[in-house]
Amino acid sequence: MKKIFKKSDGFYDTFFRKPGDDKQSTTYCSGCGHGIVHKLVAEALVDLDMLDKTTFISPVGCSVFAYYYFKCGNIEAAHGRAPAVATGIKRALPESYVVSYQGDGDLAAIGTAEIIHAANRGENITVIFVNNAVYGMTGGQMAPTTLIDQKTTTTPRGRSRENEGMPIKVAELIATLPAPVYVERTSLHDISHIMKTRLAIRKALRFQKEGKGFTLIEVLSQCPTNWKVKPDQAGEWIKKHMLPYYDLGVFRDTSREAEQRTGGPMNRKASDHLKPGKLMEKIGIKSESESLHSSFSEKMTIDHELKIRIAGFGGQGVLYLGQILCQLALKNEYRATWFPAYGPAMRGGTANCSVVLSNREIASPIFSMSDILVAMNQPSFDKFSPFVSPDGYLFCNSSIISVEPDYEAELRDRRIKLVSIEATSLAEEAGFSFSSNIVILGKILKTLPYFHKEDVFSLIKRKFRNKEKLIQFNVKAFTLGFEA
Amino acid sequence: MARYFLKGNEAVVVGALVAGCESFYGYPITPASEIAHAASEYFPTLGRTFLQAESELASINMVYGAASTGQRTMTASSSPGISLMCEGISYMAGCELPCLVVDIMRAGPGLGNIGAEQSDYNQLTKGGGHGDYLTIVLAPNSVQEMIDFAILGFDLADKYRNPVVIAADGVIGQMMESVSFPEDYTPLYQDKPWALTGDKNSERRLHTSIYIENDELEAHNMRLQEKFSRMKAAEQRAEEYMTEDAELLLVGYGSVSRQLKAVVNNVRQRGVKAGLFRPVTISPFPAVRLEKCIRGKKRIVVAEMSSGQLHYDVKALVGNDIPISLIGKLGGNLIEEESILREVL
Ligand code: SF4
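Those protein sequences? They're chains G and X, same order as listed.
Positions 35 to 518 (this note's numbering) are the ones given, in order, by the first sequence.
Positions -1 to 343 (this note's numbering) are the ones given, in order, by the second sequence.
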């Protein structure tokens, strides 16, 4: 028989990773298409001077040991995941080349999500898709590309349209996407088509080298073993069974318009080593440590864990009110924790958060009884007012909350101080209806002077940087609350 | 020292950036989505890679690809997403590729809900994926530790060439707290002669977890097991609080350990000699420390937001010598201090 597998310089001289004594021949069956495709890829990598910079991804399937042969960086991927692995490699090493070599079970069944999305992102990689209409390595089961009426070990009666659906045409499918640069289907059934395959593979690799984007070559390839034909009959089998269904040709070629890209739009050279302080500056996270007015006297001090619950409608600034209290505490060298009720609780239009302020390490950010409750709407008042500790404070937005006289008496019995404030109306008076949280903050600091209002102003200024109007509204809202 | 007020989910991203993490591949899921939000903002600002993948399977495999180049790389998800990633984690352990995986645990099984739970304990500490492998699983109980463990996690991942997991419950991911950063940090274990570098140096480098000959796979596995033994010996971490004279020992990790600490403070005032043992690594389980710690204790109470997964490991160590009970909360509800008090008093 003619020796098709003449060694290319793209292969290792001896297949040192291969177990056993024979380190020269491949593991493929006689007449298998993989050997031919390997050779075409290896020669192209050498001729295009790409080999040294190439990482070759071996798939799961008969070519799982492709890394026995290719003389470059090698990695093996889980079934179907090679395009994702390729993405990670290419983004890390945009100047290098990545070849993802995949079979039909791997690419067109378990890995459909990965191939479609890598193609759709236009990853600058080359996918060699070997379609032999069957699962080779696992024992000749049906592949997504198995033909109608083709018998396999899992379609003993032949594949039927009714039960298994039609064979997938991968090249056509990928070509419908806007990003891929080059998609062609070729075949190995005779010498002239092997030569066409050779050219297609070269083209695809060259486009990758030129940084043009995603390329995929689908190769109709022999599996005489599972087709149960003699090696020299396998070409005929392709002609007879595959060619009528799988059209050969170029399905997409935008290489002329394609701009050069390396690895992906967001991929840039990593920055130099940054000290944490510098890094925070660069990503724009501000430190809370500059305490401005903490030296003022006449303040109340927090000498225990002060537990504050804030609850209301989403949109009333409930979460932010909790955060600003924490920031005030941090400016004054206290500890603070903030924990939101998150998830579906938020979607129903209600929001609440738990805040703990303390002069020492805070044990738990979660509590059931609070020292202070800020209730910004009726449901919050009804839900949380039973969970205020004796001697605690209940700040209540009296614009929209009504407290029955009986309940007021009960609160008194529980030694809870009810502080009412028309937060919603005062916010409107301040000119900004979303500032009822800041109105209440004013009232809290008037009632419980833990922090200075100048600290509040500086935090408001920071939060609404460059938005003069919002700063004015909020300062006004605070002042109205403070003086109410 | 500069202090910052950050959410747990944001802090872990910043910690990773400080650790020199070059790429983030992920897929959004509540309650871990703020990690992807922060990463999508900060990684590109610093010229690093952020990519939203098509699934958790793709995310972990992109991480696998990036890690093979020697880059520090990470992903983050929550419980159902971690189930999908277990395939990739097994492959990475098999190939000996380092990475950081963050799990913000939510309530299960199945879709469960997005409330906090700790029920990924078994999945994360006993494997999750197929095959005999071990990952180091760090369980932070504060926002500060989200930063510290991101940095430590990358160092340990590179030290052992193995995935490292940060297992935080939803509370730690969602809460805000003040944090600080080390003045300076230089990544450890940066010599990576195994990395695929996209040049001639990589000519004979390979990452694979397939060993077709049984004997070869056995030898590979024995090498891995030897490494896992070293990890088990060197990386057990735990925190003890007032355990010295304690008669009642509370055991819990993550956010629960903070409630337990509050309980210790509370009952100490009432004259009950209580202490807290907190596993910091839930894998390797801090058996050596716990074994020492339980000596002389009269009673043990394990509290967890799962149905006795941690309790099982504690019980295995304690045996029948000391009475041990479980407070196991499920469904996304948090354990209330009162219910712990009821159990211990
Ligand atoms: S089973 Fe088929 S695909 Fe696999 S090596 Fe043999 S001929 Fe090639």
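Hints are computed from structural coordinates only; laboratory data are not their basis.
Note that this is a predicted model, so its numbers are computed, not measured.
Incorrect hints may have been included.
Stated by the list, open to error - Looking from chain X toward chain G, a few residues come up when the C-beta cut is under 10 Å (computed): (1) Tyr23; (2) Met173; (3) Ala217; (4) His218; (5) Phe226; (6) Lys259; (7) Phe283; (8) Tyr310.
All C-beta atoms, glycine included, are put in the ideal place defined by N, C-alpha and C.
Name the hints, by number, that the structure is in violation of.
The structure breaks hints 3, 4, 5, 7, 8; every other hint is satisfied.
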